[in-house]
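For chain A, the structure is supplied; the task is to place chain B on it using the hints.
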Amino acid sequence: MTLPAIRRVSGTALPLGGDDIDTDRIIPARFLVSITFEGLGAHAFEDDRKAVKAKGQTHPFDDARFWGARILLVNRNFGCGSSREHAPQALYRGGIRAVVGESFSEIFFGNAVAIGLPCVTAPHEAVAELQSLVESAPKSALSVDLEARTLIAEGKTLPVSIPENAREAFLSGNWDGTSMLLERWGEVEAVAKRLPYVTGF
Amino acid sequence: MGRTLFSKVWDLHTVRKLPTGQTQLFVGLHLVHEVTSPQAFEMLRARGWNVPFPARTVATVDHIVPTASLERPFADARAEEMLTSLQQNCRDFGVPLHDLGSLEQGIVHVIGPELGLTQPGMTIACGDSHTSTHGAFGALAFGIGTSQVRDVLASQSLALDPLKVRRLDVTGTLAPGVYAKDVILAIIRRLGVKGGVGYAYEYGGEAVSRMSMEERMTLCNMSIEGGARAGYVNPDATTFAYLKGRPAAPSGAAWDRAVAWWASMASDEDARYDDRVTLDTGALEPHVTWGINPGQSVGVSDRVPRASDAAPDARAQVAEALDYMGFSGGETISGTKIDVAFIGSCTNGRLSDLREASRVVKGRKVAPHVKALVVPGSNAVRAAAEKEGLDAIFRDAGFEWRGAGCSMCLAMNPDRLEGRQVCASSSNRNFKGRQGSPTGRTLLMSPAMVAAAALAGEVADVRPMLGGAR
Numbered sequence: 188m189t190l191p192a193i194r195r196v197s198g199t200a201l202p203l204g205g206d207d208i209d210t211d212r213i214i215p216a217r218f219l220v221s222i223t224f225e226g227l228g229a230h231a232f233e234d235d236r237k238a239v240k241a242k243g244q245t246h247p248f249d250d251a252r253f254w255g256a257r258i259l260l261v262n263r264n265f266g267c268g269s270s271r272e273h274a275p276q277a278l279y280r281g282g283i284r285a286v287v288g289e290s291f292s293e294i295f296f297g298n299a300v301a302i303g304l305p306c307v308t309a310p311h312e313a314v315a316e317l318q319s320l321v322e323s324a325p326k327s328a329l330s331v332d333l334e335a336r337t338l339i340a341e342g343k344t345l346p347v348s349i350p351e352n353a354r355e356a357f358l359s360g361n362w363d364g365t366s367m368l369l370e371r372w373g374e375v376e377a378v379a380k381r382l383p384y385v386t387g388f
Numbered sequence: 005m006g007r008t009l010f011s012k013v014w015d016l017h018t019v020r021k022l023p024t025g026q027t028q029l030f031v032g033l034h035l036v037h038e039v040t041s042p043q044a045f046e047m048l049r050a051r052g053w054n055v056p057f058p059a060r061t062v063a064t065v066d067h068i069v070p071t072a073s074l075e076r077p078f079a080d081a082r083a084e085e086m087l088t089s090l091q092q093n094c095r096d097f098g099v100p101l102h103d104l105g106s107l108e109q110g111i112v113h114v115i116g117p118e119l120g121l122t123q124p125g126m127t128i129a130c131g132d133s134h135t136s137t138h139g140a141f142g143a144l145a146f147g148i149g150t151s152q153v154r155d156v157l158a159s160q161s162l163a164l165d166p167l168k169v170r171r172l173d174v175t176g177t178l179a180p181g182v183y184a185k186d187v188i189l190a191i192i193r194r195l196g197v198k199g200g201v202g203y204a205y206e207y208g209g210e211a212v213s214r215m216s217m218e219e220r221m222t223l224c225n226m227s228i229e230g231g232a233r234a235g236y237v238n239p240d241a242t243t244f245a246y247l248k249g250r251p252a253a254p255s256g257a258a259w260d261r262a263v264a265w266w267a268s269m270a271s272d273e274d275a276r277y278d279d280r281v282t283l284d285t286g287a288l289e290p291h292v293t294w295g296i297n298p299g300q301s302v303g304v305s306d307r308v309p310r311a312s313d314a315a316p317d318a319r320a321q322v323a324e325a326l327d328y329m330g331f332s333g334g335e336t337i338s339g340t341k342i343d344v345a346f347i348g349s350c351t352n353g354r355l356s357d358l359r360e361a362s363r364v365v366k367g368r369k370v371a372p373h374v375k376a377l378v379v380p381g382s383n384a385v386r387a388a389a390e391k392e393g394l395d396a397i398f399r400d401a402g403f404e405w406r407g408a409g410c411s412m413c414l415a416m417n418p419d420r421l422e423g424r425q426v427c428a429s430s431s432n433r434n435f436k437g438r439q440g441s442p443t444g445r446t447l448l449m450s451p452a453m454v455a456a457a458a459l460a461g462e463v464a465d466v467r468p469m470l471g472g473a474r
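Line by line, the protein sequences are chains A and B. At position 66 of the first sequence the residue is numbered 253 (this note's numbering), and the sequence of numbers has no breaks. At position 284 of the second sequence the residue is numbered 288 (this note's numbering), and the sequence of numbers has no breaks.
Just chain A, with the same shape it has in the complex (with noise of 0.2 Å):
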């Protein structure tokens, strides 16, 4: 199925800092008992914003300055831990339109694209310095570009990663991607024949 092409996300930004943020963090596991996935949005990070506000702090999710924003910016190891396809669509659903990080846990990155969230990657210190400007001016405007890899932030422009193949869907609306893998259904079934298991060796 051909979807709308995703060549490019505008808009403000969130900074949220650390390393190796599990998908438990973003979104806690009783949140899942549920047969689908509405709602989930209000719930990002819920027991991390609620243990920052009882240090007497504000959690990005819940400061006013970042409120509209569609850019998640993140650092190393991004959705690691559990496989729940929950995370990117609590991050999606709360209005995370792509996110940008130093790296993601495969599986986090894997679900994000099948539910078209880009998620690209840039080094270490260009990240940090994107952080620290939305830190400071929150009203940003950054834009990233799938088509150009290219991030632009208040007219600066940087290089951005992102797999050729999650690129390419992105650009194709191929992001949903089951209509391809039943494409050729007769080599599917060749490939089921010359197994021997399940069959009876």
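Please keep in mind that the hints were generated in silico from the structure rather than gathered at the bench. Treat the hints with care, since some could be wrong.
[What the hints assert, rightly or not] With a Cα cut of at most 25 Å, we get these calculated SDA-like pairs of lysine to any residue: (1) K237(A) x G330(B); (2) K248(B) x K237(A); (3) K21(B) x N352(A); (4) K198(B) x D165(B); (5) K380(A) x V263(B); (6) K240(A) x R424(B).
Small disclaimer: the values here were computed from a predicted structure and weren't measured.
This is chain B only, laid out in the frame that chain A set:
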């Protein structure tokens, strides 16, 4: 140049190179559970797709199962809805379901091997990151998200990029009281929680060759905690002996053909690896985590690190973990007071785990302030343990003996920590809030170490408590 098991299995299951550059990989066995599948089945309905290979698809219920009572409807109406939905989906799409109450029900990563469904040379997928467990048999097993569950249900295949292969040579002999859990915690501590991103881990070497299948499952289970999406052990005589006679394993003449084929899928002696790491286990101690990711562990006679001792770029993270866990840094890990002891999970909820823990517990009592529970990984594990009298040993000591499920590993059922409770846990993740309380704290360790902590009321070295030979 020889080939790895990874490349043999990958090539055999390759359908084609996709226009995106990824590989369309056929999935030989798809395991399904109630948490990550309902939205996928709904997407199939919306598109009018069916499940073309129901014989390669098996479902069970594990994450939400209450372990104290199986009375229906569940107290949690949303959990009840999830089970009802799974039952309906399996009926509608012709998927076999090992339902609640059946002897075959249990944690999906425990029942797959137990039923003989998990075999060498397969590709396996499941909407759960601990699918890496099945790699213990020499299968390539991938944890996937819900959209990919939809892909596999509808097309029996996945769009994936190949992984690099890192060989981990585990040498030496594990001392009594040191287990596969300690080996994997030590590996993740050394290589880091993101060290395995982009890799499959091939575990080998004399220590792995000597391990039972259940120990190999523990090892492979936590590959994902080190960032590796898949981990595996080459199939050998131990693998074949485990499989023989299991319900879904081949028999008669087919058995001999199967063994020959399975053996042929193992990595060749001269296989080329993208990376190699050696870990000697001769001096390995029982390990305990002190932080908020599985890489943050120390030996039981060590001290919790100080933030000031960490590398400059890791300092903030260590400080955050110490703050959350309530450690100041520099104290010994042993002596850390616990409130809850949990033995179970897809990492360590199998019969051998319960046996080892029961050896520690036998004739002793749980500390009065500790709530201790044993949650067998499957109904079959539970029944086998009861046949050996392990339930009586645990109950006499003051443990609760529960029904099978995921339980307090991730607290999607009523079993959860309260407030800032500290839990000695045989599970796989010590993430913030993982065990159900947003401020709860988890110390990961082997089941025998959990048993020792339950008795002592604090983290304690299990080795002096293990009398006699194994």
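Hint by hint, here is what the structure shows:
no.	hint	in the structure
1	K237(A) x G330(B)	holds, 18 Å
2	K248(B) x K237(A)	violated, 52 Å
3	K21(B) x N352(A)	holds, 11 Å
4	K198(B) x D165(B)	holds, 18 Å
5	K380(A) x V263(B)	holds, 19 Å
6	K240(A) x R424(B)	holds, 17 Å
Hint 2 from the earlier list is the only one contradicted by this structure; the remaining hints agree with it.
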